[in-house]
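Participant: The primary structure of each chain is shown beneath.
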Amino acid sequence: MVIAQTLQSLNPEDARSVLYYIARYIKQAESFSNYEKDIFEDEQHNAPSGLVRKTTIRLIEEIEAREGMRAQQFNGETVIRLLDEITSLETSLSAELSEAELERGASLAEAMVPPTHLPSDDQPLAKSRQSS
Amino acid sequence: MTTLAYNVNMKYYGGLHYMWCTPYFGSDFQSPHFTVPPISSPLEIYETLRKEIEGADLHGTKIKLNRMGVRRGADNMAKRGRITEDQKREIHAIGKAALPQQFRPLLCVISRIQAARYYQRVDVKDRANPLSHEYIVADLPQSAFDVIRIG
Chain A
1 MVIAQTLQSL NPEDARSVLY YIARYIKQAE SFSNYEKDIF EDEQHNAPSG LVRKTTIRLI
61 EEIEAREGMR AQQFNGETVI RLLDEITSLE TSLSAELSEA ELERGASLAE AMVPPTHLPS
121 DDQPLAKSRQ SS
Chain B
133 MTTLAYNVNM KYYGGLHYMW CTPYFGSDFQ SPHFTVPPIS SPLEIYETLR KEIEGADLHG
193 TKIKLNRMGV RRGADNMAKR GRITEDQKRE IHAIGKAALP QQFRPLLCVI SRIQAARYYQ
253 RVDVKDRANP LSHEYIVADL PQSAFDVIRI G
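Sequence lines, in order, name chains A and B. With our numbering applied, the first sequence corresponds to residues 1 to 132, in that order. With our numbering applied, the second sequence corresponds to residues 133 to 283, in that order.
Hints are computed from structural coordinates only; laboratory data are not their basis. Warning: the hint list may mix true and false statements.
Stated by the list, open to error - If you anchor each label on the Cβ, the simulated ranges turn out as follows:
| no. | chain 1 | residue 1 | chain 2 | residue 2 | range |
| --- | --- | --- | --- | --- | --- |
| 1 | A | Thr116 | B | Gly187 | 23 to 31 Å |
| 2 | B | Phe157 | A | Pro12 | 32 to 40 Å |
| 3 | B | Leu239 | A | Ala65 | 35 to 43 Å |
| 4 | A | Glu110 | B | Asp218 | 14 to 22 Å |
| 5 | A | Ser98 | B | Gly187 | 26 to 34 Å |
| 6 | B | Arg212 | A | Gly50 | 29 to 37 Å |
| 7 | B | Glu217 | A | Ser9 | 34 to 42 Å |
Quick caveat: nothing in here was measured; it's all calculated off a predicted structure. The beta-carbon is built from N, C-alpha and C at its ideal position, and this holds for glycine as well.
For reference, chain A alone in the conformation it holds in the complex:
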């Protein structure tokens, strides 16, 4: 509940980023005793803002307090439950999509199949081979 309330104070893009980094933290938690990775590390254009970082850390602390343990102590069932909660909250952030938009989205997605041909930037090479 606190998570949902906190997210309401952010714009949807920042809220989505916060949930994304919380999910990263929870996914990595089981490896904390052996590995350590900065959950905020990202390519420069995707780097989180100060607000996103601060909110993420605050909500991670909130989740751990609610569960009564640190994330590295979560069992598999808890991890799945929390990740489901996060993805469910994230789904609710999307701007309302119309039926027509969803139908078009489904149609576009259906056409998205694994690549089966040479990419366009290789085609000149293929042509030159044909012509030689």
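Chain A is already provided as a structure; the job is to place chain B on it using the hints.
Facilitator: Chain B in isolation, oriented as in the chain A frame:
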């Protein structure tokens, strides 16, 4: 990378790709030679997605996280002016409406030399092995890697 992400990159982002990579694919993560966290193992990720698509894992958590990742990617691209707001909404709709099969995993084999201009190294502090690392590649053109579909 998923089939959906590959196609979104090709259709909306000028055929440029964003990926997290490791130098290892099939290593058993319990092997002393495997030096990245298990959750970063391409083989583990591949298997998790495959099981969810085939219905063997009813939670479907990995696919849900992928849907979130597709939407977040669209948010970032719109913020950078690489796509329009309408295109962002379209990608959000794709992420929401796509069937699990559209998240079928693709194995990307990237030449280190080809990728050198596009990658940044991520330090993974492995207490047992200081050589642990992963890479983030961004704006990687299709010509810099091969795509392999298994199964």
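Participant: Now tell me if each hint is right for this structure.
Facilitator: Now for the hints, and whether the structure bears them out:
A C-beta distance of roughly 25 Å is found between A/Thr116 and B/Gly187, which places it inside the suggested range of 23 to 31 Å. At about 36 Å, the beta-carbon gap between B/Phe157 and A/Pro12 stays in the expected band of 32 to 40 Å. For B/Leu239 and A/Ala65, the Cβ-Cβ distance of about 40 Å falls inside the hinted range of 35 to 43 Å, so the restraint holds. One distance hint, 14 to 22 Å for the beta-carbon pair A/Glu110 and B/Asp218, holds here, with the actual separation near 20 Å.
As the Cβ distance of A/Ser98 to B/Gly187 is approximately 30 Å, the hint placing it in 26 to 34 Å holds. Distance hint check: the CB atoms of B/Arg212 and A/Gly50 are about 18 Å apart, inconsistent with the given range 29 to 37 Å. For the pair B/Glu217 and A/Ser9, the beta carbons lie near 22 Å from each other, so the given range of 34 to 42 Å is not met.
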